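A.B. asks: Chain residues, written in single-letter form:
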Amino acid sequence: MREVCFLLVQDKILRAYFGSATRIPDERERWETIWKHRNELTEIVHSHPGNFLAFSQEDLTTMEAVEAGTGKAFTWSIVTRSGFLSRKSGSDTLRQDSPWWLPLLRELSYDTTGSAVTTRRTPRKTIRKRKESIT
Amino acid sequence: MNVLLNITYQGQSGNYLVNMDPGVDDATIKNVCEEAVRSGEVPGISPALPRNAFANFVIDRFHGDQPRFVVRPKVPFGT
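Chains A and B, in that order, are what the protein sequence lines are.
For the record, in the first sequence the residue sitting at position 108 is 350 according to our numbering, with numbers rising by one throughout.
For the record, in the second sequence the residue sitting at position 41 is 75 according to our numbering, with numbers rising by one throughout.
With a straight-line Cα cutoff of 25 Å, these simulated BS3-like cross-link-like pairs (lysine-lysine) come out:
| # | chain 1 | residue 1 | chain 2 | residue 2 |
| --- | --- | --- | --- | --- |
| 1 | B | LYS64 | B | LYS108 |
| 2 | A | LYS254 | B | LYS108 |
| 3 | B | LYS64 | A | LYS314 |
| 4 | A | LYS278 | B | LYS64 |
| 5 | A | LYS278 | B | LYS108 |
| 6 | B | LYS108 | A | LYS330 |
| 7 | A | LYS314 | B | LYS108 |
Hints in this document: simulated from the structure, not taken from any laboratory.
All values reported here derive from a predicted model rather than from experimental measurement.
Whole structure, please, built from the sequences with the hints as guidance.
C.D. replies: Below you can see the structure in the form of structure tokens.
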């Protein structure tokens, strides 16, 4: 599991970012992209693979900071395995629509394709031939 | 030492050259920014600024012949 964030321009994914199961760390490039495309960006969505369908304190302070910096009100969304919540200008909506990128975001967050192949290495056996002196 | 502060707020961006120790902590830099903007010393940014306007901002520090600090919104997410 990992948190995934999409910067969206209408229904197009401008950028995708990947984090750990509980966090997508701060990144200067993400801010630069938001700033550069502030007039086109429509929605910033990220997943909570732990199924917490609400904005965390970290999310809320980031939302406040980005809107203060850009002077723009974006749609902010949270996606869990079965939930989809959006906030714009302080108003929350439980979304029932299913944009094309929604299953992709879930797939990337939950590794539902089975593409996350884990390989297990067989421990190498080392056979040492011991020479014993014959006396 | 002169440090160039690049500040972004409400869709506006401006620069402010200030004499400070480049090793100063983030909170002090944010206070300097707030005071500078409020006093109208940052061209391009409106002086109408709420208190603690930069509370959720971070500082990217670029050192060199001309140190430059970029004061920008933080962008992490987390549960």
